[in-house]
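Heads up: the sequence shown at position 125 corresponds to 133 in this note's numbering, and the numbers run straight through without jumps.
All the given hints hold, so there is nothing to weed out.
Below, a list of computed lysine-lysine pairs in the DSS-like style, where the Cα atoms sit at most 27 angstroms apart:
hint: 1; residue 1: Lys171; residue 2: Lys83
hint: 2; residue 1: Lys141; residue 2: Lys193
hint: 3; residue 1: Lys193; residue 2: Lys75
hint: 4; residue 1: Lys174; residue 2: Lys83
hint: 5; residue 1: Lys171; residue 2: Lys141
hint: 6; residue 1: Lys174; residue 2: Lys75
hint: 7; residue 1: Lys174; residue 2: Lys141
No wet-lab data here; the hints were simulated from the structure. Computed from a predicted structure; not experimentally measured.
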Amino acid sequence: MFTGLVQAVGTVRDTRPASGGVVLAIEAPFESLVLGESIATDGTCLTVTRDLGDGFEAHASTETLAKTTLGGLRKGSRVHLERALAMGDRLGGHIVTGHVDGVGTLVERRPVGDNLEVTFEVPETLAPFLAPKGSITVDGVSLTVNRVRGTRFDVMLVPFTQKETKLGQIPVHGRVNLEVDVLAKYVARLLGKKGVDGEDDGGVTLDLLKRHGYL
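Make a model of the complete structure from these sequences and hints.
Right, dumping it as structure tokens:
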């Protein structure tokens with residue numbers, strides 16, 4: 009589990025084909041990495057397979073490459089990094105699983121004083137999980153949704169976020185990994201709404217309650 013508070017911006021040192029995907033070598037300022045630990049990389053949970061001293065290696069499967077932006081990483085690409093939450097750590101952002109729900113597109117950038125308001129377009133299946141003042145993870149960064157308009161939502165990047173992450177440098181039409189609030193997904197499932205993949209998840213319905221004598 010993660011918090012969406014980026015701990016470092018790493019650099020891809022190398023990518024090489026491997027069985028069922030690719031191996032990513034990423035420079036990172038982390039000490040005492042443990043083989044098998046999880047690191048959110050642009051919001052995607054990856055497992056450390058090798059400690060490089062000044063970074064780590066991780067395997068990204070073909071499924072991960074197809075459903076996230078990691079397939080577009082090249083030598084020199086910058087990525088947001090966050091190590092998994094440890095017992096006793098502060099949960100300063102929101103609950104993030106590192107399981108990307110879809111890929112969105114940046115469609116507009118608007119300076120607002122020192123801040124930067126950004127609009128993203130999301131897949132239609134994710135739109136029901138967006139809510140004003142709710143949380144969303146964009147490339148691993150926990151952000152607050154300011155406004156929702158159909159399949160688009162706005163966020164405000166304060167100067168600190170612009171400085172400490174790469175979100176302020178993403179161009180119009182740039183693609184980002186998205187993870188909606190896990191609590192919204194659980195509520196949708198309980199209410200019998202469709203999941204993030206567009207499939208009907210069933211759940212608690214009026215018909216179900218009637219059949220079991222609750223109504």
